[in-house]
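Asker: Listed here are the chains, written in short residue letters.
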Amino acid sequence: MAVVQLTISALPAHVRTARLMATAVARRAGVSESTLDEIRLAVGEACSRAVEAHRTHCPDQPIKLELIDSSGPTGPGGPSGPDRINGSRSGRFEVVVSDHAPAKENGAPAFNGFEGGPHASLGESLTSGGFGGLSPDVGLAVIRGLADEVSIEPSENGTVIRMSWPLASNEADISEAHGLD
Amino acid sequence: MDLKLDHHTQDDTEVVVEGEIDVYTAPRLRELLIDLVNKGHHHLIVNMEKVEFLDSTGLGVLVGGLKRVRAHDGTLDLVCTQERILKIFRITGLTKVFGIYESVQEAIDKRKSKQS
Chain W
0 MAVVQLTISA LPAHVRTARL MATAVARRAG VSESTLDEIR LAVGEACSRA
50 VEAHRTHCPD QPIKLELIDS SGPTGPGGPS GPDRINGSRS GRFEVVVSDH
100 APAKENGAPA FNGFEGGPHA SLGESLTSGG FGGLSPDVGL AVIRGLADEV
150 SIEPSENGTV IRMSWPLASN EADISEAHGL D
Chain L
0 MDLKLDHHTQ DDTEVVVEGE IDVYTAPRLR ELLIDLVNKG HHHLIVNMEK
50 VEFLDSTGLG VLVGGLKRVR AHDGTLDLVC TQERILKIFR ITGLTKVFGI
100 YESVQEAIDK RKSKQS
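Those sequence lines, one after another, are chains W and L. Okay, so the first sequence: first residue is 0 according to numbering that gives the first Met the number 0, each after it adds one. Okay, so the second sequence: first residue is 0 according to numbering that gives the first Met the number 0, each after it adds one.
Don't read these hints as lab results, they were simulated from the structure. Hints may contain errors.
[Stated by the list, open to error] Here are the simulated DMTMM-like pairs of lysine to aspartate or glutamate, each with C-alpha atoms no more than 20 Å apart in a straight line: (1) L:Lys49 / L:Glu17; (2) L:Lys49 / W:Asp36; (3) L:Lys86 / W:Asp36; (4) L:Lys86 / W:Asp147.
[As the list claims (entries may be wrong)] DEER-style ranges, computed between Cβ atoms: (5) W:Arg26 / L:His7: 31 to 39 Å; (6) W:Ser89 / L:Ala70: 29 to 37 Å; (7) W:Leu10 / L:Arg89: 37 to 45 Å.
[As the list claims (entries may be wrong)] Footprint (simulated), chain L over chain W, 3 or more residues, beta carbon under 8 Å: (8) 7 to 14; (9) 51 to 60.
Note that beta-carbon positions come from the ideal geometry of N, C-alpha and C, so glycine has one too.
Bound conformation, chain W alone:
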């Protein structure tokens, strides 16, 4: 297992840096070219959401990314490495984006409205009076649509978004097992 960690300030300009880094590490890990686009977009969405949340709640706090290539042998992290903690299988590329903005507040709606759906938000955007962006729900919906496996864990201490994709060799194995080739 190999891990690359990246910590960024809550600035929109750094979201691009995170996307580029994630794509580079994924390419090196052996993710297929078609999946790289999905990773780039999903990581961008997760980081955009985190940056916006931090700018609202805690602009001085950093946002952390972990890029985990679980294709190789276990590294110095050993059995307690992130792949084991996450319960993810080997042969996958995993991205973990962690922020410190409270996602659940007592008596107030969560920043992201995690229970909401994208279409309700789109309808609201089209009919209300502003010229702003879509609800963060849409970004989460995009992540769910792109990642092969995803978990989103909102809490008072922040949100952890875990996304993973199979590496190219594993994709081939899965295709063969299902007779998809």
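Given the structure of chain W, go ahead and fit chain L onto it with the hints provided.
Answerer: Chain L alone, transformed into the frame defined by chain W:
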């Protein structure tokens, strides 16, 4: 690549977008669309053939632009043939909200045929 914006008006106003539309660059596109609408350009075509990246922030700006032109009985259509860009419109269901065409001329022709 950063974002490059250009626009020119014939029958409709074509907004040519080049580069990446994300949380960092989307405000510039939003300002341009607001400016065009405020100047009376209510039939916009956003040409996305040279867009390399689009996220939900960019989608939000486009939806906002659509809402604003609709307030003036206008239109905002897109020109895009790139699968990597079209994918995010499909995931979010926005293919049903925007007219998405393969060329600027096709977008103009469709708009005129709908209004005639």
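Asker: For each hint, tell me whether it holds in the structure or not.
Answerer: Here's how the hints hold up against the structure:
Straight-line distance between C-alpha atoms of Lys49 of chain L and Glu17 of chain L comes to about 5 Å, which keeps the hinted pair within the 20 Å bound. For the hint linking Lys49 of chain L to Asp36 of chain W, the alpha-carbon distance of about 16 Å falls within 20 Å, and the restraint holds. For the hint pairing Lys86 of chain L with Asp36 of chain W, the CA-to-CA distance comes to about 10 Å; that is within 20 Å, so the pair holds. A threshold of 20 Å between alpha carbons decides the hint, and for Lys86 of chain L with Asp147 of chain W the separation of about 15 Å falls inside it, so the pair holds.
Between Arg26 of chain W and His7 of chain L the C-beta distance comes to about 38 Å, which sits within the given range of 31 to 39 Å. Range check, Ser89 of chain W to Ala70 of chain L: about 54 Å between beta-carbon atoms, so the 29 to 37 Å window is missed. At about 30 Å, the CB distance of Leu10 of chain W to Arg89 of chain L disagrees with the hint of 37 to 45 Å. By the rule of at least three residues with a Cβ nearer than 8 Å to a Cβ of chain L, the coverage given for the segment 7 to 14 of chain W holds, with 3 such residues.
Only residues whose C-beta sits within less than 8 Å of a C-beta in chain L count toward coverage, and the segment 51 to 60 of chain W has 1 of them, not enough to reach three; the restraint is violated.
Hint check: violations occur at hints 6, 7, 9; the rest are consistent with the structure.
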